[in-house]
Amino acid sequence: MSAFSKISRNFEAFLIEIGELSYFAGNFFKELFKTPFEGKELLRQCYNMGNRSLLLVGVTGFIIGLVFDLQSRPTLQEFGAVSWMPSMISISIIREIGPIITSLICAGRIGSGIGAELGSMRVTEQIDAMDVSGTNPFKYLVVTRILATTLMLPLLVLFGDAIALYGSFLVENLKGNVSFQLYFNQVFEALKFSDLVPATIKSFFFGFAIGLVGCYKGYYCKKGTAGVGLAANSAVVYTSMLLFIIDFVAVFVTDIFYHE
Amino acid sequence: MMTTTSNTPIIEIRNLKKSYGSNCVLDGFNLTLKEGENLVVMGKSGSGKSVMIKCLIGLEQADSGSITVMGKDVMALEKDELDDLRTEIGFLFQGSALYDSMSVRENLEFPLRRHTKKFGIIEDTTPLVMEALKNVGLESAVDLMPSELSGGMKRRVALARTLILKPKIILYDEPTTGLDPITSKEIILLMQSIQKEYKTSSIIITHDVDCARVIANKMILLVDGINYAEGTFKELSESKDPKVAAFFK
Ligand SMILES: Nc1ncnc2c1ncn2[C@@H]1O[C@H](COP(=O)(O)OP(=O)(O)O)[C@@H](O)[C@H]1O
Ligand SMILES: [Mg+2]
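Protein chains in written order, with the numbering used here: chain C, 8 to 267; chain S, 190 to 438.
The reader is advised that the hints may include incorrect statements.
What the hints assert, rightly or not - Below, simulated PhoX-like cross-link-like pairs (lysine-lysine); rule was C-alpha separation at most 20 Å, straight line:
id : chain 1 : residue 1 : chain 2 : residue 2
1  : S       : Lys-357   : S       : Lys-385
2  : C       : Lys-41    : S       : Lys-388
3  : S       : Lys-306   : C       : Lys-41
4  : S       : Lys-323   : S       : Lys-388
5  : C       : Lys-146   : C       : Lys-37
6  : C       : Lys-37    : S       : Lys-268
7  : S       : Lys-268   : C       : Lys-146
8  : C       : Lys-230   : S       : Lys-233
9  : S       : Lys-355   : S       : Lys-385
10 : S       : Lys-429   : S       : Lys-407
11 : S       : Lys-233   : S       : Lys-268
12 : S       : Lys-206   : S       : Lys-233
To be verified - Quick list of simulated restraints, FRET-style, between CB atoms:
id : chain 1 : residue 1 : chain 2 : residue 2 : range
13 : C       : Lys-230   : S       : Arg-402   : 24 to 32 Å
14 : C       : Asn-17    : S       : Ser-208   : 21 to 29 Å
15 : C       : Glu-38    : S       : Gly-210   : 48 to 56 Å
16 : C       : Thr-42    : S       : Asn-219   : 34 to 42 Å
17 : S       : Glu-312   : C       : Lys-41    : 19 to 27 Å
18 : C       : Glu-19    : S       : Leu-378   : 49 to 57 Å
19 : S       : Ser-255   : C       : Glu-38    : 26 to 34 Å
20 : C       : Pro-43    : S       : Leu-378   : 37 to 45 Å
Please keep in mind that the hints were generated in silico from the structure rather than gathered at the bench. We treat Cβ as the ideally placed atom computed from N, Cα and C, and that holds for glycine.
Next comes chain C alone, as it looks inside the complex (with noise of 0.2 Å):
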């Protein structure tokens, strides 16, 4: 009985979770149309993520590419199926992988770091002065925030997606002596428009979830050093659960959508 109590607890707690969240994304909608827009923290925070991301997931996606090439190239030389590997490794990236793994990568970079920096604003009471300087912290510190991973992330995922490609390329180059014109031709010849859609909007939604929840975590952060380590650390694990959750739904859709 008292393993069932504690259960539905839990999942009491989970759903006033996903209720408080679904309230700070309604807020987020209301103040984004409203002035002052804050284009400059704006700017700042997307140049800001971009910077801090990009090496990272550069790194990431080579190794990636590499490594799925390596992998998957015994299988089709079996079949001697050689040939079709461009074509594959470019729709399982494009498609699935270069999405997923960028925002997983994000989630741990840039939604960490926006968790425990609005975490230490709340607690060491920044962001009460910036209310009480007459500026709207929501605004100048969530909104942007949110914009910003919006915005920047379907471009690391292109950015990592074309690492990706490039490293997968250098395999077949080297064991198999295909030529970069040839590599990319099969490639662009087996990509087609409803590829690269649905994934870039699957990309759009990740990066809100990951400022959404970084930022609903670090707003909301509890007093004392401790709750910075848990806003940022809550942060990355909420959002990797959302992204997968996203994730499932957009394979769906995009099922219905293209393959009626």
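Once you have looked at the hints, place chain S with the ligands on chain C.
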């Protein structure tokens, strides 16, 4: 230090109540601040001093009671009106609360961004920034980051940031807590000179008996969520009530 105090109350708190869940923090607190007065509020840690002062400036919503600042009912104000009123109130936060991603100059400019009604839109903020820094004796720190400042310097910069809007009222939340005795004394002297120069009325929250002795025209002890005892420093320090006497040991 004696200052001329007039009789019009500039802040009036009546029967203020505030609870967090089952934790009743303020249970009918009263306070009157007259113009030009330095009112010291003392209370144990966790007794609700910060909560009280945050209700006063609209950062926390009180459950019931009334708060009147310069003739305006804080709890009934719209956001815009509240922001206008806040230009007249300086708030020195407990831990200074400097924006640590911004330089000292940007910290001081920040209140000027939105509180434009009082001064209009200012093209060149440098004279105002330098004037405020000069008043706290830190002109040389204008381009430093908060992480490069000592605790006492941070407190001074925070004070400069509240001064930049030339407020009529300053609320100090534990201005000397966490500083060494010598730096504390400097901050207290600074508070006095600011009061002389800007003719402000202030509420000072503190644990520091020395600070209270020097600066208080009047004191209130916050115990069990109410204004347990009121009077001058002398009156309270000679009190026989054990709860009051405990503060002056
Ligand atoms: N946002 C909050 N949520 C819940 N409890 C709070 C909150 N802010 C303050 N409290 C509680 O109110 C009490 C008084 O806090 P505070 O005013 O900060 O004390 P102090 O007198 O030391 O400044 C404490 O018991 C604290 O736990
Ligand atoms: Mg306090």
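Results of checking the hints against the structure:
Taken as a hint, the Lys-357/S and Lys-385/S pair is honoured in the structure, with Cα atoms around 12 Å apart against an allowance of 20 Å. Restraint check: the Cα-Cα separation between Lys-41/C and Lys-388/S comes to about 37 Å, which exceeds 20 Å; the hinted pair is violated. A threshold of 20 Å between alpha carbons decides the hint, and for Lys-306/S with Lys-41/C the separation of about 19 Å falls inside it, so the pair holds. With a C-alpha separation of about 17 Å, the suggested pairing of Lys-323/S with Lys-388/S holds against the 20 Å cut-off.
For a cut-off of 20 Å, the pair hint linking Lys-146/C to Lys-37/C stands: about 10 Å separates their Cα positions. The suggested pairing of Lys-37/C with Lys-268/S holds, with an alpha-carbon distance near 16 Å, which does not exceed 20 Å. A distance of roughly 14 Å separates the Cα atoms of Lys-268/S and Lys-146/C; the hinted pair therefore holds under the 20 Å criterion. For the hint pairing Lys-230/C with Lys-233/S, the CA-to-CA distance comes to about 19 Å; that is within 20 Å, so the pair holds.
For the suggested pair Lys-355/S and Lys-385/S, the alpha carbons sit about 13 Å apart, so the restraint of at most 20 Å is met. For the given pair, Lys-429/S sits about 18 Å from Lys-407/S by alpha-carbon distance, which is consistent with the 20 Å threshold. The suggested pairing of Lys-233/S with Lys-268/S is violated, with an alpha-carbon distance near 32 Å, which exceeds 20 Å. With a C-alpha separation of about 18 Å, the suggested pairing of Lys-206/S with Lys-233/S holds against the 20 Å cut-off.
At about 31 Å, the beta-carbon gap between Lys-230/C and Arg-402/S stays in the expected band of 24 to 32 Å. The hint said 21 to 29 Å for the Cβ distance between Asn-17/C and Ser-208/S, and at roughly 26 Å that hint holds. In this structure, Glu-38/C and Gly-210/S break the distance hint of 48 to 56 Å, their C-beta atoms being roughly 28 Å apart. With their beta carbons about 40 Å apart, Thr-42/C and Asn-219/S fall inside the hinted range of 34 to 42 Å.
For Glu-312/S paired with Lys-41/C, a C-beta distance near 25 Å keeps the hint of 19 to 27 Å intact. Roughly 54 Å separates the CB atoms of Glu-19/C and Leu-378/S, a value that falls within the hinted 49 to 57 Å. The hinted range of 26 to 34 Å is satisfied by Ser-255/S and Glu-38/C, whose Cβ atoms lie roughly 30 Å apart. Checked against the given bound of 37 to 45 Å, the beta carbons of Pro-43/C and Leu-378/S, roughly 39 Å apart, stay inside it.
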